[in-house]
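Asker: Chains as they are written, first to last, in my numbering: chain A, 1 to 136; chain B, 1001 to 1303.
Incorrect hints may appear among the rest.
[As the list claims (entries may be wrong)] In silico contact screen, one side only, chain A against chain B (beta carbon under 8 Å); selected entries:
hint : residue
1    : P9
2    : R26
3    : H69
4    : Q72
5    : A75
6    : I82
7    : H101
By construction, these hints were calculated from the structure, which means they are not laboratory data.
Even for Gly, the Cβ is constructed at its ideal location relative to N, Cα and C.
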Amino acid sequence: MKRKLKSLPEDTVEDLAREAMVTLYRLSRRETLVNPDALATTLVPPAQSAGKEAGVDMLELFRFVVLEHFRQHDAPCHELAIEFFTELSWSAIARRQQLRHSTVIKRWSACMEQVRELAYAQRGPVWEWARQARIV
Amino acid sequence: MGTGSASAHDWALRQLLAYSAGLLPEEELLRLEEHLHACPDCRSRLAPLKPASGTSAEHLPASLIATWARSSALLEGLERELVESHLEDCAECRAELSFAGHEAVIADAPPDRPGSRPARPTGGWLHSLWFWVIGLLGATAGVAAWLFAAHPAWLGGTGRSMTALRSFGHAVPVTFEFALDSLSAGAVKLPEPGFRARAAKPIEVGAVTNVSGMVFVLPPALQPPSPEAGERRMVITLLQDGRELASHTGPFYALGDAIRLRPEGRLEAGDYDLRFSLDSAGAPGEAGSGEPPLVWFYRLRAR
Chain A
1 MKRKLKSLPE
11 DTVEDLAREA
21 MVTLYRLSRR
31 ETLVNPDALA
41 TTLVPPAQSA
51 GKEAGVDMLE
61 LFRFVVLEHF
71 RQHDAPCHEL
81 AIEFFTELSW
91 SAIARRQQLR
101 HSTVIKRWSA
111 CMEQVRELAY
121 AQRGPVWEWA
131 RQARIV
Chain B
1001 MGTGSASAHD
1011 WALRQLLAYS
1021 AGLLPEEELL
1031 RLEEHLHACP
1041 DCRSRLAPLK
1051 PASGTSAEHL
1061 PASLIATWAR
1071 SSALLEGLER
1081 ELVESHLEDC
1091 AECRAELSFA
1101 GHEAVIADAP
1111 PDRPGSRPAR
1121 PTGGWLHSLW
1131 FWVIGLLGAT
1141 AGVAAWLFAA
1151 HPAWLGGTGR
1161 SMTALRSFGH
1171 AVPVTFEFAL
1181 DSLSAGAVKL
1191 PEPGFRARAA
1201 KPIEVGAVTN
1211 VSGMVFVLPP
1221 ALQPPSPEAG
1231 ERRMVITLLQ
1241 DGRELASHTG
1251 PFYALGDAIR
1261 LRPEGRLEAG
1271 DYDLRFSLDS
1281 AGAPGEAGSG
1291 EPPLVWFYRL
1301 RAR
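Build the full structure now, drawing on both the sequences and the hints.
Answerer: Shown next as structure tokens:
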């Protein structure tokens, strides 16, 4: 990884290598890793792009915080959010749930309003990032 | 917004981040998904925004775990509570933290952060929070106030400006150039503000001379979202060890896509901070709305 990421600062490479190790560990606990070396290699391109686009980290953290909020406070929104954050396609979710595309989107809109309210009321880097990125 | 396919494509590209965060307004969702269906380029750009295969957004991001000691210290308010409560419930995340060599305890907030401030039910915290969150690393609100007091000039709309510097006791001119072609040779793309954009992660700018200068392509966060925002005052400051070396004041819109800082001679090797400070919504030169400026910091490393 260090060889492939040599254009990035050393401490960034260190973070990305650690992140890849955590991902490998995470995957190994969920399924048997047949070829961890090859898997590590496949983690390099995403890490490379993460090094260039720091916002991706915040996007992951943002999704986590949103999901955790819904997990604790709103089960229907939590279910929709899990599906969307995994697949990133409302049309695919609508097909699977055998609902109209617009119906699923309307349901999510009510959830989204909660997130927007949080983003404008709360402090901290996650909400700040969302405001800065002008996605709320 | 144009209706041609090129402008529709540009529009779609700009919506991908909001879409992937689940925050695209209802009326735009249908339109974007229609476009995605027909646009392989947009689908390929969306793909990296999906969680890695086999991982789930329900657990702490691997990037947070990997940088836990310093990143968790930045969490505040509700997000801190949510991470904390998740850790209590999630043995998997605790095990992953342990694997990465961390205790499953959120690090204390940095001592210079105003952690006791309550959240306000408006977007007004944006400015002051970013000031702390982006790291500031040594800057204080007093410095911000001093910078504004020291640079009240409104240079409105000029593409270049000369600024007298205070470097090692000698006045040295530096030219600020704006609205450059973002494809300029040697341009460095500044990242969006985020954990990796903190000063702890210097951006290598190589050798900086009066020939090359430093060219920075600005991220969307450093581009005005509206004409009104474009009229707000932006102060760009180059600092070394907390000392101001150069500063430029002008309207936000004048920055364009890319800027260049060109020193008169060669910039001494070492670390520098590039600070962007955007006025609150008040009119230029006025006391403003009472909100502190919105501040971005980047740490630069020159050879």
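Asker: Next step is simple, just say for each hint if it's right about the structure.
Answerer: Structure-based check of all given hints:
{"no.": "1", "hint": "P9", "verdict": "6 Å, holds"}
{"no.": "2", "hint": "R26", "verdict": "6 Å, holds"}
{"no.": "3", "hint": "H69", "verdict": "6 Å, holds"}
{"no.": "4", "hint": "Q72", "verdict": "7 Å, holds"}
{"no.": "5", "hint": "A75", "verdict": "13 Å, violated"}
{"no.": "6", "hint": "I82", "verdict": "7 Å, holds"}
{"no.": "7", "hint": "H101", "verdict": "7 Å, holds"}
In summary, the one numbered hint that this structure violates is 5.
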